[in-house]
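As they're listed, the protein sequences go chains Z, P and B. Numbering-wise, the working numbering puts 272 at position 268 of the first sequence, and it's gapless, one number per residue. Numbering-wise, the working numbering puts 87 at position 82 of the second sequence, and it's gapless, one number per residue. Numbering-wise, the working numbering puts 206 at position 205 of the third sequence, and it's gapless, one number per residue.
Source of the hints: derived by calculation from the structure; they are not laboratory data. Treat the hints with caution; some may be incorrect.
[As the list claims (entries may be wrong)] Covered stretches of chain P, as calculated for chain Z (at least 3 residues, CB under 8 Å):
(1) 225–235
(2) 270–280
[What the hints assert, rightly or not] Residues of chain P clear of chain B, computed beta-carbon distances all greater than 12 Å:
(3) 106
(4) 110
(5) 115
(6) 117
(7) 143
(8) 216
(9) 220
(10) 301
(11) 302
(12) 359
(13) 362
(14) 376
(15) 391
No experiment lies behind these values; they were computed from the predicted model shown. C-beta: ideal position from N, C-alpha, C; glycine also.
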Amino acid sequence: MPLELVANVTIAGLLTGLVYGLMALGLSVIFGVVRVVNFAHGEMMTIAMYAAVVLFAAFGMDPFIALFPVAAVFFLFGYALQAGLINPFITRPEHTQFMLVLAVAIIMVNGLLMAFGPDARNVPVDYALDSFGIGPLLLDKVRVYAAVAAVAAAGGLFLFFKFTPTGSAIRACADNNLGAKVVGLNVKRYYALTFGLGSACVGAAGCLMVLLVDVTPVLGPGYTLLAFIIVIVGGLGSMAGALLGGVLIGVSEALAGLYFTPSAKSMFSFALLILVLLLRPQGLLGKRS
Amino acid sequence: MNRIPQQPIDANELAQVTDVGRRRFIAGLGASAAIVSSGSLMRPAWAQSTLNVGVLLPTSGFQAFIGKSCKLGADIAPNVLPGLGYGMPIRLMHADTETNVDVARSRAERLINDGAHVLVGAFDSGASAAIAQVCEQKGVPFIVNIAAAPQITEQGYKFTFRNFPTAIDLVRNGLALIGDIFHATNTVPRTAVFMHVNDTFGQAMARGIGAILPRLDFLPFKVVETIAYDPAARDLSVEVAKAKATKADFLMLVCRLNDAILVRREMVKQRWSPMGIIGPGNPGMYEAQFYNALGKLSEYCMSNVPWYNPKAPLTHSIERAFRKSFPKEKLMFHALNVGFTVEAIMIAADAYKRARTTDAKALADAIRQTSIANRMMIGGPIKFNAKGQVEGIKSACIQNLKMRPTVVLPAASAEAKPVFPMPGYRKA
Amino acid sequence: MLLMAVLTAALLILPAFADTYILSVAILILYFAYLGQAWNVMMGFCGQLSLGHSLYVGVGAYVSAALFVHFGIQPWLGVWAAVLACMAAGAAIGVLAFRFGIGGVYFALLTIAFAEFTRIGFDHLRWVGGSGGFFLHVAQREFNDVLALRGSPAMFYYVMLVATVAAFVFCAWLLHTRIGYYWQAIREDPEAAQALGINTFRYKMLAIVISSGMSAFGGVFFAFYYNNLFPEQIFSMSRSIEIILGPIIGGIGTLFGPILGAAVLTVLAEGITELMAAFGWEIPGVKQVFYGACLLAVIVFVPRGIWPALARCLGLESRGKGPRDG
C-alpha cells in the first residue's frame with residue numbers, strides 16, 4: 005500500500021472525524037448532564053443540514069455563515085424541547101424516555117420527507133471541488149475548512165463550560181444532581197439550557213456535514229447511532245473524549261475501507277464500540293463512576 | 006414485514022379499484038346500451054371487463070429518481086396503447102416500493118389483493134426477485150420492466166417474465182462494446198479498476214464480469230483491483246482514493262444513480278483523471294438527474310446499455326405522447342426507463358387482447374406466446390423463451406456529450422464519434 | 002371469561018371469513034405479538050433493555066433457511082438448530098455484558114452494536130447470498146404441509162396463532178415460578194436482589210437465553226412465510242424497534258401487553274394507510290408523522306402502557322405487574 009495513499013486517506017478520515025466529533029459533542033453534553041438518551045440526535049442534525057441547504061438556495065448563504073443562525077435557532081429549539089416535552093420525563097424509566105425521543109425522531113424524519121421529498125440534496129458552493137495540494141498530499145478544501153470550524157466550535161463550548169458561571173453550574177448538575185438541588189440550583193432550567201447547547205452543537209455540525217455529504221431524510225438514524233458510538237468510545241461527559249472518539253471512528257473507518265472491503269467498513273466502528281464497552285466501559289477518556 | 010406505515014398504493018387508483026364492482030356494472034350497462042342503440046358490435050363482449058395492471062416502482066428512497074423516470078413511462082402508456090391496437094380498458098394501479106424489498110413484497114401482495122390481474126415492475130433486482138416470489142405463490146403474472154439479476158428467471162417460475170437482459174447478457178454485450186471503443190479510438194488501455202455497488206444487481210454484475218472477462222482475450226486490459234462499496238454510502242472518498250492509487254488506465258463502474266454522482270465528484274476533488282469512466286451495463290450515468298446534479302462534470306462518461314431505436318414507429322408514438330404529457334421533459338433522458346416500462350405494459354395489454362380474459366393462468370399462457378415486432382428498444386422481437394426471458398436485446402455505447410446521452414457505438418447507429426481518452430476536468 | 006371464549010372462537014374461525022388482506026394483517030399482528038412476548042421476557046420481566054432483537058430473528062431465519070436450501074433439512078428440524086444458534090448468540094452477548102457489569106443504556110447500545118455488526122457480516126456472507134439476498138424456492142401448493150412450513154396463508158396464520166398462545170402460556174408459567182420472582186426482584190432493584198442472595202448473573206443469563214431462543218422461532222417463521230431474506234432488512238435497527246414498540250405501548254412486563262400493543266400498532270398503521278388513501282393524500286411521510294404523533298400521545302398520556310390502564314378500567318387485576326414507574 006503506497007504511503008502517500010495511506011496518508012491521504014488517514015488525513016481525510018481525521019478531518020471528517022472532527023466534524024463527527026462536534027456532532028457527538030452535542031450528544032455527550034446532553035447525555036452526560038441530562039442523562040437522557042437522545043435518540044433523535046442524528047435526526048436533528050439532518051434538520052440542520054436541510055436548513056443549510058435552504059439558506060443556500062434562498063439567500064446564497066455559505067454554510068460556514070449559515071452555521072450561526074442555525075445554531076442559534078437550534079439552541080432555542082433544544083431548550084423548548086427539553087423544557088416542554090422531556091423535563092416531565094426526567095424521572096421516568098430509561099425505556100420510556102427512549103420511546104419518547106424515538107417518537108420525536110420518527111416525526112422529524114418523516115416531516116423532512118414531507119417537506120423535501122426523498123431525494124438527495126447538496127450545497128453546491130463554488131469551492132466544493134477544490135483541493136489543497138501539499139507535496140504528495142491532497143486535501144479536500146471543504147473538509148479542511150469544516151474540520152477547522154468544528155474544532156473552533158468545540159473550543160468555544162469548552163471555554164463556556166470552564167469559565168462561565170452558567171457553565172460551572174451545568175457541570176455541577178452533571179456531577180452531583182442532588183447536591184446541585186441542595187445548593188438551590190434550578191436543575192430543570194439548567195437541563196433545558198444544556199439541551200439547548202447540545203442542540204446548537206449538532207446544528208453547527210449539520211451545517212458543516214452538508215458540505216461533506218449529500219443529505220436525505222433517512223440519514224438520521226445512522227448518525228444517531230454513530231454519535232452514540234463516538235460518545236461511548238470517547239468517554240461519557242468528556243468533551244475531549246467526544247472529539248477523540250470522532251477522530252478515532254473517522255480514521256478507523258477510512259483505514260478499514262482501505263485495507264478491507266469498503267462495504268464492510270462500518271463493521272469496524274461497531275467492533276470498536278464492543279471492545280471499548282467490554283474493556284473500558286467508561287470510555288477512553290471517561291472517568292470511572 | 007414492515008409495520009411503520011408505508012407509502013400507499015396510489016390513492017386515486019385505489020379508490021377506483023375498491024369500487025371496481027360497481028364500475029364494472031356501470032361499464033357493462035353502458036356497453037350494452039351502446040350496442041342496442043347503434044347496433045354496433047365493434048367492441049367484443051369480453052372487453053367490457055378491465056385489465057388491472059399493478060405497477061410497482063421505487064418512487065421514493067435511494068432509487069427515487071430512476072423510479073420516477075420509469076413512472077413517466079407508465080403514465081403515458083394508456084395514451085400510447087390505443088394507437089397500437091390495444092383499445093381494451095386498462096387500469097393502472099401504482100405502488101411505491103420505496104427502494105425497499107420488504108415494502109415491494111407487501112405492496113405486491115396488496116395490489117393482488119386489491120384486484121390486480123398482472124404486475125409490472127420493479128426497476129430494482131432485489132425488489133423484483135421478491136415480487137416474483139409473491140406472484141409465483143399467488144399465481145399472478147409478473148412482467149419485469151428493468152432488473153438484471155439472473156436468478157429472477159432461473160428459479161423455474163411459471164408466472165415471471167422479463168423483457169430485459171440478464172446481468173450475464175449485459176456484461177457480455179457491455180464488455181464487447183468496451184473492445185469496440187478501444188478499436189474505434191485506437192487506444193490500448195492495459196489496466197482497469199472495477200468499482201461496484203454491493204447490492205443484488207451489483208453482485209450479479211460483478212459475478213458476470215468475473216466469469217466472462219477472463220475468456221475475452223480480444224480485450225487488452227486486466228482488472229487490477231475490485232472495490233465493492235455500500236449502496237447506502239454517504240461518502241466514497243476512501244473508495245475513490247483506493248481506486249486512484251491503482252493508477253489504472255480507466256474506471257469500470259457498476260453503479261446506481263446517487264453513488265455515480267458521488268464517485269464522479271470525488272474523482273475531481275482527488276484530481277484523478279483516468280482515460281475514461283465506463284459502465285459495462287448499468288444505470289446511473291445517463292439519467293436526467295446525473296446531468297442536473299453534475300453539470301459539466303457529467304461529460305464523457307460512457308454507459309454500455311440497452312438503448313432505444315430513434316427510428317422505430319413505436320418510438321415515434323411514445324415520443325408524441327411523452328411530449329404531450331411532459332412538455333418540460335425530454336424523452337432521451339428517460340429513454341431506457343420509459344421504453345422498457347411501456348413495453349412491459351404493452352406485453353400485458355397484448356396478452357389480454359389474445360387471452361380475452363383476466364384469468365391469471367390464461368394471461369400467463371398468452372404472455373408465453375407473445376410475439377411483438379414493433380418495439381422501441383433495439384433488439385429482436387419480444388418473445389419469451391421457456392424460462393420467461395426475452396433474448397437478443399442489444400446494447401449500445403452511450404456517451405455523455407454536450408450534456409446529453411449520445412449513441413457513439415455501434416458505428417451503424419452512432420450520432421457522434423466516441424471520445425476516449427476523455428479530456429481532464431478543468432474548473433470553469 | 003365469556004369475553005375470552007368469544008375472542009378465542011373468533012380467532013379460531015377467522016381464516017374462514019377473512020379475505021387475504023385481513024388474514025395477512027392478522028398474521029402480522031400475531032407475529033409481532035409473539036416477538037414482543039419474547040422481548041418482554043428480557044425487558045419486562047428481568048429489566049434488561051435489548052434494542053437488538055432483530056439479531057436473533059435474523060440468525061434464526063438464516064440458519065433455518067440455509068439448512069433448508071443447502072442441505073434440504075426441513076424447517077421442523079431446522080428450527081431446533083436455529084433456536085440453539087440464537088441461544089448461543091444470546092448467551093455470548095449475555096456473558097460479555099453481564100460479566101463486565103454493563104447495564105441500562107450501555108447494554109442497549111451493546112445489543113445494537115452486535116446486531117449491526119452481524120448485519121454487515123451477513124452482507125458479505127456469500128454462502129447465504131450476501132447483500133444480494135437469500136431466496137427460498139417457492140411454488141404453488143395445493144395442500145398444506147405444516148412440518149415443511151409450506152402452504153396457504155391460513156396455515157401460517159394457525160402456526161403463528163399456536164406459537165403466540167404457547168408463548169403466552171409459557172410466560173405466564175415462568176412468572177409464577179421461582180425464576181419469575183427472581184427476575185422481577187432483579188428488575189426492581191438489582192443490588193437488593195444480589196444482597197438477598199439471588200445469583201443475578203445466572204438469572205439474567207437465563208432471561209437472555211430464553212428470550213433469544215423464543216425469538217429464533219419468529220425468524221424461522223419469517224423465512225418460510227416470506228421466502229426471501231436480506232440482511233439490510235431483517236437485521237436492521239428499525240426492525241428491532243418495531244419488535245419492542247408493541248410491548249412498550251401495550252404495557253411492559255404484562256402478559257397481555259405485547260399482544261394488545263401489537264394489535265393496536267398494526268391496526269393503527271394499516272388504518273392510517275387506509276385513511277390517507279381515502280383522503281387522497283399522497284405526500285410521502287404524512288402517515289409516519291401521524292404514526293409518530295400517536296406514539297407520542299400514548300407515551301405522554303399512558304406511560305405505563307395501554308393494558309394496565311385498560312385493566313384498571315375493566316376492573317381486572319393485571320397479571321404479572323409491570324415495572325415500577327419512576
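12 Å cut-off, C-beta based - residue 143 of chain P kept clear of every residue in chain B: Residue 143 of chain P not clear of chain B: closest Cβ-Cβ about 8 Å, inside 12 Å.
Distance rule for residue 220 of chain P, whose beta carbon must clear each one in chain B by more than 12 Å: 22 Å, holds
Distal placement of residue 376 of chain P relative to chain B, Cβ over 12 Å: Answer for residue 376 of chain P: holds, closest chain B Cβ roughly 27 Å.
Residue 117 of chain P remote from chain B - nearest C-beta pair above 12 Å: Per Cβ check, residue 117 of chain P is inside 12 Å of chain B; nearest 8 Å; violated.
Verdict on residue 301 of chain P as a residue remote from chain B, using beta-carbon distances over 12 Å: Check passes; 32 Å lies beyond 12 Å.
Interface-negative label, residue 115 of chain P against chain B, beta-carbon threshold 12 Å: 7 Å, violated
Check on residue 216 of chain P being off the interface with chain B, judged by Cβ distance over 12 Å: 14 Å, holds
Whether residue 110 of chain P stays farther than 12 Å from all C-beta atoms of chain B, as the label says: About 7 Å separates residue 110 of chain P from the closest Cβ of chain B, which leaves it inside 12 Å; violated.
Non-interface label on residue 359 of chain P, tested against every C-beta of chain B at 12 Å: For residue 359 of chain P, whose nearest Cβ neighbour in chain B is about 23 Å away, the distance exceeds 12 Å, so it holds.
Non-interface label on residue 391 of chain P, tested against every C-beta of chain B at 12 Å: 17 Å, holds
Within 8 Å of chain Z's CB atoms, at least three CB atoms from the segment 270–280 of chain P: coverage verdict: Since three or more residues must qualify, the claim that chain Z covers the segment 270–280 of chain P holds, with 5 doing so at under 8 Å.
Non-interface claim for residue 302 of chain P versus chain B (Cβ beyond 12 Å): Residue 302 of chain P is indeed farther than 12 Å from all Cβ atoms of chain B, at 28 Å.
Going down the numbered hints, you'll see the structure goes against 3, 4, 5, 6 and 7, while the others check out.
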